[in-house]
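Novice: From just these sequences and the hints, can you work out the full model?
First to last, the sequence lines map onto chains Y and H. Just so we're aligned, residue 1 is where the first sequence starts under our numbering, counting upward by one. Just so we're aligned, residue 1 is where the second sequence starts under our numbering, counting upward by one.
There are no misleading hints in this set.
Derived lysine-lysine pairs resembling DSSO-like cross-links, with alpha carbons at most 27 Å apart: (1) H:Lys-131 / H:Lys-32; (2) H:Lys-131 / H:Lys-69; (3) H:Lys-125 / Y:Lys-4; (4) Y:Lys-196 / Y:Lys-154; (5) H:Lys-125 / Y:Lys-84; (6) H:Lys-131 / Y:Lys-196; (7) H:Lys-131 / Y:Lys-4; (8) Y:Lys-162 / H:Lys-131; (9) Y:Lys-43 / Y:Lys-70; (10) Y:Lys-196 / Y:Lys-162; (11) Y:Lys-196 / H:Lys-133.
Please keep in mind that the hints were generated in silico from the structure rather than gathered at the bench.
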Amino acid sequence: MFAKRHVISMREFSRDEIDSVLDLAESLEPSARGGRCEALRGKILALLFFEPSTRTRLSFETAMMRLGGKTLNLGPAEGSAMAKGESLADTIRVIGAYADALVIRHPKEGSARLASQFSPVPVLNAGDGAGHHPTQTLLDLYTIRKESSLDDLKIALVGDLKYGRTVHSLAYALALYGAEITLVSPPTLEMPDRIKADLAGNGTIVRETHALDDVLGEVDVLYITRIQKERFPDPYEYQKVARSYRIGTENLEGARDRLIIMHPLPRVDEIEPEVDETRHAVYFRQSFYGVPVRMALLKMLVGDGLE
Amino acid sequence: MNDDEMKLRVTPIGNGTVIDHIPAGQALNVLKILGIDRTTEATISVLMNVASRRSGRKDVVKVEDRELKEEEVNKISLIAPGATINIIRDRKVVEKRTVDIPDLIVGVLRCPNPSCISNTSEPIKSHLLVKSKNPVVLRCVYCEQTIVENIADYLL
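Specialist: In structure tokens:
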């Protein structure tokens, strides 16, 4: 069911492949919580982060250690050979010879694909610029499956739907599950037409609105993303928009009982802290689920795959 | 302009390749794609905006003493999908074919995304997948950006 050598883009995943990752992640969850697992003992994972990241890097590191393996960290890019002008391709060839798999985050889009072409070992994309971040999408899907359901799902994607390409990957993946998707964004940050057309072409029901309150009572999942200040030339415009998408407990009065609220984190002020205490808040568990999901991918790519 | 006048403008070639039915104005881009520039030693004739029964106006390129290979010529289909290729030997057309867009275009166009890794000094060539031939829709293998219009603007 899973014959990949690299994990670069969600576009390459079939529903069966996603399911096999999520199934394995589920079986690894006890080990992700500290249970004994030696599946990747003696294996080395190299972490190449050319851009700052806290949770993704630490989550990969935790995943490898929970599987009994070890990690190597490329120091800050400016201290390494890259600063002397070495190409990414050469760096990948060299470090690929030290490790059993590579995790890469790089500011240029398509850099993970390039890495996969030069690497002698599997490559996992941990974010390539504004491009893909497939492990985020997989952990989002895992969260929905665990905390809600991927069947007959009604989900609202909220916030910056124009530039946030991880939301695009998530939308494509949700389409594989026949989800009903409502897009909630300010007019200036709507999802690009070509993506909406792709989704509609696959038979996915896509609705669009600017008002969050319109959909709050009708969905199973609210997926909130951060609206970045720098997208707005006028700070006043930003304030207006940011306020209209802020979730507080008062917004949740008409919500479904089983509504879950997700956020890829870090949040700034999209979700007020008092929401954390409600049954709807799953974003911290969502963040934890990155560990079993990344364990599953590492086991599939580096270990003996599925038993 | 009738056929006789046309013949007066440019004489038929003895050996080589005639690329006919290029959309008017695209002849220079065709040369660019074929890699034919000032360093070439071949005799090249370029006709622009000549009358065409099929399309009103067209461009024609004649390359003497060189028979263009199919994979070279297929690249021009990006900007001249209706072009025909005539291979001439001893003043006779020995082969006539149309162009077909290949499934993958390597090193001909740059990706329009300035943040794409293929637009850096990495040791790779641009790779564009052909998602649709009519209309032409291309997608960068690296960053997945699509190109749908003004394809000639991205010629390398």
